[in-house]
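Numbering (the numbering used here), first residue to last: 9 to 479.
Calculated from the structure, these hints are not laboratory results. From the three backbone atoms N, C-alpha and C, an ideal C-beta is built for every residue, glycine too. It is possible that some hints are incorrect.
What the hints assert, rightly or not - As a list, the in silico EDC-like pairs of lysine to aspartate or glutamate whose alpha-carbon atoms are at most 20 Å apart:
1) K32 with E72
2) K354 with D405
3) K334 with D286
4) K415 with E373
5) K202 with D124
6) K354 with D403
7) K284 with E330
8) K284 with E331
What the hints assert, rightly or not - Simulated restraints on C-beta separations:
9) Y208 with R34: 33 to 39 Å
10) R78 with D405: 40 to 46 Å
11) R457 with D144: 46 to 52 Å
12) A302 with T333: 21 to 27 Å
13) D137 with Y208: 27 to 33 Å
14) D405 with G262: 46 to 52 Å
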Amino acid sequence: MALSDLNPVERNEEGIAAVLGILKQRFGERFQTGEAIRGQHAHTTTYIPTQAPDGVAFVETTEEVQEIVRACAAHRVPVIAFGVGSSLEGHTNAPGGGISIDTSRMNRILAVNPQDLDCTVEPGVTREDLNRHLRDTGLFFPIDPGANASLGGMAATRASGTNAVRYGTMRENVLSLTAVMADGETVTTGKRAKKSSAGYDLTRLLVGSEGTLGIITSLTLRLQGIPQAISGGVCPFPSLEAACNTVIATIQMGIPVARIELVNALQMRAMKNYSKLDYPESPCLFVEFHGSDAGVAEQAETFGMIAEENGGGPFLWTSVAEERTKLWKARHDAYWSSLTLRPGAKGLSTDVCVPISRLAECVTETEADIAEMGLVAPIVGHAGDGNFHVLVLMDVDNPAEIALAEKFVARLNMRAIAMEGTCTGEHGIGQGKVGFLRHELGHGVDVMRTIKQALDPLNIMNPGKILPAAG
9 MALSDLNPVE
19 RNEEGIAAVL
29 GILKQRFGER
39 FQTGEAIRGQ
49 HAHTTTYIPT
59 QAPDGVAFVE
69 TTEEVQEIVR
79 ACAAHRVPVI
89 AFGVGSSLEG
99 HTNAPGGGIS
109 IDTSRMNRIL
119 AVNPQDLDCT
129 VEPGVTREDL
139 NRHLRDTGLF
149 FPIDPGANAS
159 LGGMAATRAS
169 GTNAVRYGTM
179 RENVLSLTAV
189 MADGETVTTG
199 KRAKKSSAGY
209 DLTRLLVGSE
219 GTLGIITSLT
229 LRLQGIPQAI
239 SGGVCPFPSL
249 EAACNTVIAT
259 IQMGIPVARI
269 ELVNALQMRA
279 MKNYSKLDYP
289 ESPCLFVEFH
299 GSDAGVAEQA
309 ETFGMIAEEN
319 GGGPFLWTSV
329 AEERTKLWKA
339 RHDAYWSSLT
349 LRPGAKGLST
359 DVCVPISRLA
369 ECVTETEADI
379 AEMGLVAPIV
389 GHAGDGNFHV
399 LVLMDVDNPA
409 EIALAEKFVA
419 RLNMRAIAME
429 GTCTGEHGIG
439 QGKVGFLRHE
449 LGHGVDVMRT
459 IKQALDPLNI
469 MNPGKILPAA
479 G
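Using the sequences and the hints, build the whole thing.
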């Protein structure tokens, strides 16, 4: 992907110069314009080219975010929210320059309400920070993307993770939020009630908007009780199709699986070498059950029988916390283990999601494409909801490899859409998937553009993301 392939955003040199002066005077050392710090606040996680902002403001309060947005609105300068920078589709890039608002210092846990199973946090709190804080309450926050992402960023991209099959995604687990809009005013989208039919669902509008409509400055999140017992393990299969059929049968039988993750043979090889797992280099399912001691044992045994009926097994499961932790650490380290398959390569990470009835077909056809194109591209996925990821490893200095990888990604995304799926289950659109949105949603893109123009008429909120260029 070249910079010319990304949505163009015109630079406003005069406005940028004015805002740089204003923010330097206002924030002092908390406003940085050095090349290194600006580069760190652009996209750095995949092969998408880096487009650095002109300055980075380290904010500590909602009021400071408002000040910056108002200054940028007055001078028509873009603003880009930044959490920890772990997104994969270019969300933090600044194609028209502008100001990166770093929310990492907005890291307070404002309230925990154990009886109501909710909490309110600032956007810079990470998922691991929150769960450490909750440890003694008997509660936990279940959404767990591979990275230790900020909760503000997770909401902005509508992230999910390995627990989504049981606990849902950020869409289901953000009860309400406060955001600074393009005019500098704040909007609070709801109260703490577990349900509401009061007006438009502004929470759902802003969750997944990738900072293009507003900048999240606090979130109220749904919590869960830590299960009495947890069992989990790994089950090998002779083929991806057999593994996917086991997933479908497990869910159709109503087994309350908490995690059911698909790993292809190549990804398993990487995990064995990187995380020192002792399992066959074959397609595998990583599975976990939550409940009572008797319940998780029964669920594990039933799953094992289903797997055996599909040619899988043996399913080796455990309730020992240390052993389960090792398994899920390996799963969350899948990105890093994949890089060992081709040292020095850069990854093009992509995800799609299809109805689980089409999962086996989609994954099998994707593996055939990988083989036909001669790519090194492991597959791992949240099989319980039909979402899977492919990491294409390539030499980013080789235009032919980039073109081949992009051809593969285009075929994968169009295949998912043709199967009544989506071009992204959890990564978001950002810059990398803008070209597929019209194919998926048609006139819905025009409705989105109307919303964007109404809420951000100057197009200063993370421009160049989600929506294709007009015309």
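Taking the hints in turn, this is what the structure says about them:
A C-alpha spacing of about 13 Å is found between K32 and E72, which places the hinted pair at or below 20 Å, so the restraint holds. For a cut-off of 20 Å, the pair hint linking K354 to D405 stands: about 10 Å separates their Cα positions. Using a Cα cut-off of 20 Å, the hinted pair K334 and D286 holds, with the two alpha carbons roughly 11 Å apart. With a C-alpha separation of about 14 Å, the suggested pair K415 and E373 falls inside the 20 Å cut-off, and the hint holds.
The straight-line distance between the Cα atoms of K202 and D124 is roughly 9 Å, inside the 20 Å bound, and the hint therefore holds. Straight-line distance between C-alpha atoms of K354 and D403 comes to about 6 Å, which keeps the hinted pair within the 20 Å bound. For the suggested pair K284 and E330, the alpha carbons sit about 14 Å apart, so the restraint of at most 20 Å is met. Taking the CA atoms of K284 and E331, the gap is near 12 Å; set against the 20 Å cutoff, the hint holds.
Checked against the given bound of 33 to 39 Å, the beta carbons of Y208 and R34, roughly 34 Å apart, stay inside it. With their beta carbons about 42 Å apart, R78 and D405 fall inside the hinted range of 40 to 46 Å. Taken as a hint, the range 46 to 52 Å holds for the pair R457 and D144, whose Cβ atoms sit roughly 47 Å apart. Checked against the hint of 21 to 27 Å, the pair A302 and T333 passes, with Cβ atoms roughly 23 Å apart.
D137 and Y208 have their C-beta atoms about 32 Å apart, which keeps the hinted 27 to 33 Å range intact. For the hinted restraint 46 to 52 Å between D405 and G262, the CB-CB distance of approximately 51 Å keeps it satisfied.
Checked against the numbered hints above, the structure violates none of them.
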